[in-house]
Structures are given as C-alpha cells and as structure tokens.
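J.: Following the hints, put chain B in place on chain A, whose structure we already have.
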Amino acid sequence: MFSPTRRELLTSTAVALLIAPHAARAAIVKGALPWTAAAADPPSVVRPGPWLYFTADEAGAIEALVDRLIPADDLTPGGRDLGCAVFIDRQLAGPQGRYEGRYMSGPFQAGTKQQGDQSPLTAARRYRAALAALDRYCRDKYAKAFAQLADADKDTVIGGLEHGTIKLDGTDSAAFFKLLLTDTQNGFLADPIYGGNKDMAAWRMIGFPGARYDYREWVERHNERFPLPPVGISSHPSWSQ
Amino acid sequence: MATKLPHKDAVIIGLGWTGSILGYELADAGLDVVAIERGPWRDPAVSFPVSYAQDELRYRLQHELFLRPAQSTVTFRNKTSETALPVRNWGAFMLGNGVGGAGVHWNAETWRFLPSDFVLRTHLTQRYGDKFLPDDMTIQDWGVTFDELEPHYDRFERLCGTSGTAGNLKGKIQDGGNPFEGARSRPYPTPAQKQPFSYTLFAKAARELGYKPFPQPSGNLSQAYTNPLGVKLGQCTYCGFCEWFGCANYSKASPQTTILPALVRKPSFEARTDCEVTRINLDSTKKRATGVTYVDTSGNEWEQPADLVLLCAFQLFNVQLLLISGVGTPYDPQSRNGQIGRNFSHQTVSGGIGFFDKDKYIFNPFIASGSIGMCIDEFNGDNFDHGPLGFVGGGYMGHVQTNGRPIQTTPVPPGTPAWGSAWKRAVRDNYLSSVDNAGAGVHASMYSYQTNYLDLDPTYKDRFGRPLMRMTMDFHDNEIKMSAYLTEKFAAIIKQMGAKQVVASPRKGPYDVTAYQTSHLCGGAIMGADPKSSAVNRYLQSWDVPNLFVMGASAFPQNAGYNPTGTVGALAFWAADALRSQYLKNPGPLVHA
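These protein sequences, in sequence, are chains A and B.
Residue numbers for the first sequence follow the numbering used here, beginning at 1 and rising by one.
Residue numbers for the second sequence follow the numbering used here, beginning at 1001 and rising by one.
The shape of chain B in the complex, shown without the other chains:
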C-alpha cells in the first residue's frame, strides 16, 4: 500500500536532460517541483573523477554508468511471428541510469535536424510523388517546423556552449560550416574544436572529391564557457574517454555541467534519487493524471500527487510507463490503429576502417573527443536526389573516431588470425596508422514502418513484476539500400585520404540486438497533428491526458540522419515555453483536435 505524500505542483519522472530542463523552467515559473529519478545522484568529482575516469574496462566494457539489464531490460524479436526473448546484456544500444541520464555518457554530438526532416512525408511526396514511398513506411510530419524550433535549438546550444562553425547564418551560407543546415539565428556559442591529423586528412580528401566538409558540432568544448545560467564548463582536453564515460574535466555538456548546479538552488525544486516510478496514476475518467507511484530502494511504495506530470525518462521507459498506466490506446500493427508504441525506430549506422602505411602516418588515435571529427552532409536527409536511387533517407558521414582505447579500438586487416603472435603483430602495426569508423562513419536515418513497434511483453517481467517492453524491429530494404549507397561514398573518401586498404561495412539485415549501433531509440509516443496517429500534440502534451507531457526522442515520428540530443533539447525548451506561456495560465489541451 502506497504512502501518500504531500501534493506538488509538478512531478518529473527521470532527471536527465529533459527532466533537468523542464525542472528548471517550471521551478523558475514558481511551481513546486519534484523530480523522481530511478538511479543514483552522479557528480563528476565522485562518480568519475580525473584520477580513474580513464578506465576502459570498467566504464566501457562493464557498463559502470549504465542501467543494468537486471534492473530492467526489453525483449526483442525481428518479426511478429517470432517469440521475443529478453536482451540479457546490452548490445545494439546502451541505456543510461541515474541523474543526468544519457547526458552523462553521450559523445555530445550536438546536431540540428534538417528543415525537411520535420515535414518529411509532405516533403518527399511533393518531390517524388505519392507512389515513391513503400506502403508499409509510416513516416509522418512532426507537427512542428524547423523555424518554430530554431530559437529552442539555440537555447539548448547556449546552455551547452556547443562548439561549431555555422554553415547558414540567417539564410547566408558560411564558408567552413555545413551549407545544408537550416538557417540559424546566431553562430555557435564557441568556435569548433581543433582537429588532430587524420581528421584534417579526411577534410582534405572530401574537398578533393567535391564535398564541403565541416567540423562536427561538439558539446566537448573548444574553450572555457559560462552559460546563461552562470554554470561554467572547462576546455576539452581530448582525452579520448568520452562516449560511455562521464567527463571528469567538466568540459562535456551534460546536465551536471550545465544546469543541475543552478537547478538544485531553486528553492521550490527537489530531486528524489534511487526511486523508480512504477506508474502514472489516472483518475476514473482516464483523462487526468493525479500523480505517480514510485518505489524506493527499500521496496517502500509512495504516492506523489501532482497537478502536472512530466514524463522525462528514456524513450523505451516513456512508452512502457504509458502502456502500463493505461494512457492512450496501444498500437496494433495489423490495423495500424492505436498510438502508443507506433513508429518505433533506431538508426542505420555503417562505416569502414582505413589502414594506412605505418611508416608514413602516425595518427595518435588516443587524442580525440566524443564529438571530434570532420563531416559532410551531402548525403543526408533529402540533400541529394533520391529519384534514381530507389530509397529515401540518408545521413551525415565523417571521420568521427572518438578514441584509441586499446581493448576496442585496435583494428586489424581482414584475414589476420584472431590470436597468437600474428594477431599481436597486426595490432602493433596498425594501431597508430588506421582510422576506425567501422561503427560510426555513416550515421544515417531509420524511417518508421508498420511492423516496427513497441508493446508489453506477455512473458518477461521487470523486478517489480511489470511487463518488459517488447520491441519488434527489423531493417527494411529502404535502409539496406541506403546504407550500401552511403557506405560506398564514405569508403571512397577514406581511400582518397591515402589508405592502402579500406574495409567498408555497410549495414545489413536482419536487425541484430547484439551489435552496437547507437543508443538513439526513437518513437513509440510520437508527436503529430492528428490524435489518431500520434500520442502527443505539437507541444508534447498527451492527447488523452492533457496534464501529462512526454519529453524526449519517444516523440520522434521517425529518426533522421543525425544524433538526436540537439533535437531532444530543443523540443524540451519548446514544450517548456508552451507550458509557461500557455498551459500554466489556462491548464487544458493546447491543441484542439
């Protein structure tokens, strides 16, 4: 039996990027706010200090900062005809845990999506006709445009201090930036990061092939920065321990380094850590949330009543909580009816390794940052003519190798024995003179399909006895064709750099839950203009329960060819703005269907 706690104005489920942003904005608006976080408090000086943060075994191989599958996992199958089985150990994606969420362990690649990404179905059917898209492709417009989000992208970049080179300033194309980006109102807050040797070679090769390379927008800062909240970040030291790791140096943008120090000083805010929300409570009409129920580490159950519920957990757990709590209608892949669980997508990542002459090239791959690198955007979104190609979608590509950590980044040419002296010699001969983008060089979209979806597993339970999320997911021909096309373009650039051997690795099906791609799971509680085909409206407000807002990448109707966090941050500020300027003055649906 849950013990009922005193009422709060707003309860936030999950204290990662979106929970921190919403927490700050609502506390700033004078609301009494509590954030309930499943994992522990994390602080750089304690959780990953500079004296031992550089530990590949602990943080990368043994997943120190991540959710344990023993706490909660998902089940997986490629097709509805199969029995889904639990993901017992993380593979294709990594799920964060604790204060800061995935914002602790991310690489801080801070992109904006293309203007056409937000009106994808309209744009593609206008350009290529009604018949061009596969019947089972369920892509949608977002219900919000790039121009509407631009000020909020800007706010997120100012919060983070993002380092980059503008490519389109108020419609004017800028040398050295991404000429394909949507018009930005201001330059990045800090200049782009410096680039080590191999990345400059990639840029030179790309220019020689007629492309326009630009530095990857980076939340690993090129210089010290004080953000609008007065929180200070340090200069990135290119340590090469970024993704999967926390930044001991306070130079990677994260909730810890940008917003939590200001948030905890808000007198009307408090966080409860190591407390897991088990459901959102609804009243008898199912049209109003009354608060949440959560369990602490001793197994005690608490009820937290609140006027406003902000669901700010990771994508999968947002969808799980909606389904378990009975919010909205579960998606049915046969009839395509229902909203919760539909349009589940991930990413189509591929790439390649270039092996260079060790007597001519010393790349020192250990000198890197999480979002180091030079990229091109010629093959992203609809930046190129898909008409003759028979697929849609695309991605950025670049030399974006984040590290030279020896357990995972010691590439050897194909045909090398897996062990023994020959293996050792190949590791030695190639470590300093190869560029390893096998799993990251081409970072492409995954569009949504009728049969890629989430629902509750009928068999497997989490530690509270709740059904696990069941993911049904496979690659479709469109993405396989796209990956083949893009990966060939990418390999040609690596070859142009001067590699003596290029080993390209286009993504192939079936979707494999053991092979890491990215942690960019999207959809399942998507935003849109129509309550029949979306879970939340353009302000991320639940169509069914108007005092519930659902943040994060669960709102993406399909994934674009970029890392999602910039857009997740922009959407959080966009929703916060709607809450402050509209909802709090007149609580109720912000969009009438």
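Next up, chain A with everything else stripped away, as it sits in the complex:
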C-alpha cells in the first residue's frame, strides 16, 4: 500500500496542480472539497497462481511450516490449504516485503531491546536467508529438506527455533520464528482477499462476522450469539479458490 496509488494521483476541478502534472502530486485545494468519481483505492485481490517471491524449494518449506503452525484439525483445515503460504509470498513480493515504509538509513548498529529492530535486512531478505539456513540445518541433521520431515520432527525444529535451542547459521533464528509466526497468523486471520483465511475459516472458527459495518441493532442484545455468517471485503469468487 505504500507505492503511489491512483488515489494519490487524483486530480479534480477543485485541485489545481502546483507544477508539471506528470510529475506532481502536490496540489492546491480551494473553494470546494476535491472530488473525482471512482477515485477510491481498493485493495487488489490476491490470485492463486505461481509463486511471486519464493523459489520452489522455499515454497515447499514455507508450506510445511505454516501447516504445522496452523495444523489441520477439527477446527479448520491446515495453514497450507488455507493459503497462509500464498499470503506470505504475496506480502514478501510487495512493498511490505521490501520494508518500503521503514526508515532504512544507516548507520546500523545493535541497540537495546527497547530501541527495537535495527537490522538492515528487509523481511524478504530475512526469509531468504533463514530458509536457506533451515534447509542446511535439516539436511545436516536429518538428511532431508524440512518439508520431508515427519510431523514430530518438524515440530521439534520449529520449537527449537522458538525457544532458541536451534541456532541457524548467519540468521537470528528467534527473530525469524517470530516473523514467520506473525505472518502466518496474520494470513490465517486477515481478510481472505490477501490470500489466506480461505472460506473465512478462521473467522468461522472464532465467531467473527468479518467486514460488517452496522451492529446498531445488536448493541443492546446482550449475551446473545450473533447469528450471521462472516463476510469479507470483496465478494469476488477468487476468495475461496
């Protein structure tokens, strides 16, 4: 959402460009509220299809990871079938993966915990480095890629990253685990247009009605279960494909 959008480029009768229109977004507003029909900036719907960021090997590992973080059980299908890996792939391929909004000027130096993340690496580069190191670790220890491990071994490796007992070379393993877990759970719980939460399975699981916008009739209906199923932002059928 960080790159210039149609909305930011809009002009209208109330908006006169200060300088050359092809280059400028700076604008003067005078006399009336600026308005252009159909100027909104809806999110683009994630389509299934080839990986945009991950290599085939990386994608295999990510699908296996998200499927253990969000395992299939009686509550929902697993993270892979719900699209969590697709969600992460599309995020990493875009401005979020490049940390476009972050302050990324140097000098970079380690600070205190209270000073926050000071790494010069983008999210996309952190995934690339950590997945390569994970692959080396698993081939070294189990002679297999992560995706080929038995579920119990996968869980042992994930738990080792979580608790810092497994250190992947050249990468901050605990920080990577946190990033991966956050992204996976975001994909699980976000609106399905971003590629995860297929069929709004996570929302059905907890009873969240989704992108509804008017609960006035329900404010004072206390201790009653809200009866309607969830809705998403977009009604496009590709949600659930």
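Keep in mind the hints are simulated off the structure, nothing from the lab.
Everything numeric in this text was worked out from a predicted model, so none of it was measured.
Treat each hint with caution, since some may be false.
Said to hold, decoys possible - If you want the ones that stay clear, here's a sample from chain B, every Cβ over 12 Å from chain A, calculated:
{"hint": "1", "residue": "Glu-1276"}
{"hint": "2", "residue": "Pro-1305"}
{"hint": "3", "residue": "Ala-1368"}
{"hint": "4", "residue": "Leu-1389"}
Unchecked claim - Straight-line C-alpha distance at most 25 Å; calculated BS3-like pairs for lysine-lysine:
{"hint": "5", "chain 1": "B", "residue 1": "Lys-1008", "chain 2": "A", "residue 2": "Lys-30"}
{"hint": "6", "chain 1": "A", "residue 1": "Lys-178", "chain 2": "B", "residue 2": "Lys-1008"}
{"hint": "7", "chain 1": "B", "residue 1": "Lys-1079", "chain 2": "A", "residue 2": "Lys-113"}
For every residue, glycine included, the Cβ atom is placed at its ideal position computed from N, Cα and C.
T.: Chain B alone, transformed into the frame defined by chain A:
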C-alpha cells in the same frame, strides 16, 4: 533556491485538528490564509470507504493512514549515556499524516482535564508540601485555568457533537456522569453511546465496589448531529474499526466530518497538500517570523511569506521545526536551561485481560466503537489521597475495549502454546468470552522529568537531510508505583465482573519504544507563565517570536490521565479567541514577561 510566492496574512503548518480550527477562525476573521500539509488530502468516500474500510491488515497492521518512518521518524534512547537509534518501524506511538492528521485515525475519546491538572505543581505542593515531589520531576502549572478553558472545551465538543453524560453541571453533581469532572456550562451535545454487554457488566461491578462509573465521552456519535458550522455527522454503527482507521460512516468526529467542508468554502482559505514545511523563516533579529519554506513532491522548494505563522503539526514535528528554525533556546538537561524540548512526556498505560466462562458469557467483542466503554475516575489526577502512597498522578480506568478484530484481539490465557492446535483451540474458546483491556484499561498520566526531553539527533537525518528528533525518555519510579497501584484496582473490578481468570499487566520500565501505549506524546514546546521555563505563553504564542503560535499537545507541561484531544481542541479555540480579540487588533506579545 526557493521560489518566492505571493504574501499571505497567515500560513498554517499542518492541517489536522488545530490547523483546521485556526484556519477556520482566521479565515472567518477575514485573513488570507494558506495551510501547508505534508500528506495527502483525505476524504472518507475515497480514502476509507465503507466497502473496504474494515481491513485490519491494511489499516492496522500496515499503517495505511500513517506517516511512514521512511518519510520521517525519531531516534530514541532511554538515557543520555546511550546512543539514540532510529525508530525504524512504529511501535510505542503512531504518527498521523495527511489532511485531518491524527483526527482521522483517533478513537475520538473526548475528555476534559481536571481543574487541578492545570495548576498541578501549585496544587500538589499545597496539599502535600514542598518535599513530596521528586527533585527531578519538572511539572509546572499551565498558565491557563480550567475555568478559562471551559467555554473552549464546550466549543470543541459542540464542533464534534460529543456523546456523553454530564457529571458536573454548573457545580451540581449529576447522576450517571463523572462526578470528578470540572464544572461544565452545558450538557454534552448528544447523549452517551449505548453499551454492549461486557461494558454494562463492568459498570455493575464498579458500582458494587463503591465506584461511580460513567460512559466514556465519545466522538463516535450516539445519534445524528448537525454542528454549529452546519456540518452533519451520522450515527455510529459500532463497527469495531475505529482507532487506526478512518470512519467510512461520517460518524466519528474528525476535521473531515466537522470543519473541513465549511473551511474549504471560505474564499480566503486554501490548502496545499503533499507539501512539507522544512523551516520557519526568521528575520535577522530572530524575533520575527517572515513565513515558511516548503518542498513539494517534485522536490521544488517554495518560500511562503506571511505575517503570522501557526505551527499546527504533530507534537514531535512542532518541536523539530522550532529547533531547526532556531526559534528559542534548546533545552539542556544538565543545567535545566532552555525551553525547546523540555518536559517531554507520554502516557502510562496498563490494564489487564479477563477470561470468562465461555458457556455463560457471549460478549461479541466486534460490536464496539473507538470510545465505547464505562469508566471510573476515582483514581485520576488528585481525586484520591496520594499522601500515604508515595507517588503522584493517576488515570481513568475502564472497560474500553474498542474492537474484536481477530489479528490483534484474540487473547489467550498465559501458558497457551504460541502455535499449533492448542493455540487455535484457545483462540476459539476465548474470543467471544474475554474482555481485553491489556493495553488500554488504565489510562494514566506521565509527569515530566529533567531527563525526559527532545533535541536534534547528531547522526540520523530525514529525507530532506534535516536532523531527526532525538527522544530521551524513561519511566520513573513515580509512574511505575502509580501503575502498580492503579492496575491492581482495575484488576479487582474485572474480577468482580465474574472473570474466572484476570491477567493484569501493570506498566514496567524501562520505557520501550516498540510497545504500543498511546500516540499521546506531549510537551517540548510547553506553555507557561515564565519565558525561562516555557516556550509559549498562555495563549500559545512564542515568547521569542510573537508572530508565531504553536498549537497542540507540545504545549502540555506534563501529561494528565486522559486522552489529550479534548484539551488540544480547547487550547486551539482559546488561542484563536486571543488572536481574534487581541492579537489581530494589535499584533505583538499578548503577555509581557
């Protein structure tokens, strides 16, 4: 080389709440006014329409409506002995961007400060003696009183249509309102919002414990409202997408929904958007502002001359522009000399989560508004005896959960695994039957200290090559003790509601720039009666440069136990009144030191 533009009577830096109010008042007084805004124009129908405003990932997690740190950020350290490092991604606070400023994404909790808050040092030393306050606590009186501000609080509430229940009407305590509030001249413009189930349980529990709960004053309106400017707001629909989000429904008070439609029709007003002011220009005496210099999105530099400069940016950027422009004297934490950057404060937020029996309680947490909730004020300000407690300050507390958005509001009991089926089951079992006030239930003051301050960073620059603001900030024992005391009181109310488990989270040090509290940064260009210890006088006029006025929470000498916007709005109307009734007739210092 800047291109010089035609002269204006007044230039406004930043078109948020205070810029809009000052813009309207000055254009209404007949001045030729230009407002220069760093970010884009924002309009509900385009920027966050009802068809996709309910997007937790985009607006909450990915900060769609906020300033990007890549545009500008701050550096941070706890102590002067450390090297400050940049805040690379927002954490402890969120900074707005674009027309409407933080008034777009706020929760619209619209409080007034207590009368004693405005005379804090005088009040506390009178009640507890000279020795009670820590030596390094630098709290001050404001130089303005609650009674002087009351009509201006009223104007801001009328502008917003604030929904609430009066607690003190002309000195007479009212049932159902906040009995501790200062005397108000009139009731709120609209009645309080309705309360969903869990909030009524909180009120019942608070009453059982002997407190006097009242509905939180809300800028999410209980009913449709037309304000004195003729601008109409709709009824809040309790959608649960309020803080961090814009309101697609025109029912949250914001500059967009209360004042901009009237302001842009003023023939002598214009706004320039996506233009960032890089400095305030002074003449050779440094006692008079000649206008501002700004840069547009193509990198072209413009000089806007003006007779009057209104600095209406966010707190941090007000202070940054003063320091970069050479207005006043930078604060020195060793000698305590200098005014710009002193008394920088934030907030002390804490709270807790209550887990209830899922077979007995269905709270539907997604039915909420930004300023929903029932609160008590028994532990705010000096509403309680601090004598035996060994700290000063306090806050309101309440069940004020604003949402049930699933990425961030799916609390699980301690000990739950962070992933896997056990995590999923705990999320499922607790979503509808917990009250999550972990980061909001206790909204308490942060007083000011000698070593909490702002100055220019020696290393890190913004995209224009200007030094970033450097914040040196830590929690002090006073606030830690206060938070422990208040959080225990709060947890007892949640327990009384019937929670089977309460997980309390008192605020602990050190101050952490990664942990969200509130976006209520205060001070750095504070108001006061003495030019040695304040940057602006009681009318928010610069002591050093009398044709410069500095609005906003940068004027707060310390933070109180409330959300700041009501007071920011009241101060803007108070300053506007002084400009119209005094300054414009006779430009010059309004207070002679």
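J.: In terms of Cβ atoms, is chain A entirely out of 12 Å range of Glu-1276(B)?
T.: Violated, since 9 Å does not exceed 12 Å.
J.: Lys-1079(B) and Lys-113(A): Cα distance at most 25 Å?
T.: Holds. Lys-1079(B) to Lys-113(A) sits at ~14 Å (cutoff 25 Å).
J.: Taking C-beta pairs only, is Leu-1389(B) more than 12 Å away from all of chain A?
T.: holds, 27 Å
J.: Run the distance test for Lys-1008(B) versus Lys-30(A): straight-line Cα separation, threshold 25 Å.
T.: holds, 15 Å
J.: Verify this label for me: Pro-1305(B) is non-interface relative to chain A, using a Cβ-Cβ cutoff of 12 Å.
T.: holds, 17 Å
J.: Holds or violated: are the alpha carbons of Lys-178(A) and Lys-1008(B) at most 25 Å from each other?
T.: violated, 53 Å
J.: Is it the case that Ala-1368(B) keeps its Cβ farther than 12 Å from each residue Cβ in chain A?
T.: With a cut-off of 12 Å, Ala-1368(B) comes too close to chain A, as the shortest Cβ separation is near 8 Å.
The structure does not agree with the numbered hints 1, 3, 6 stated previously, though it agrees with the rest.
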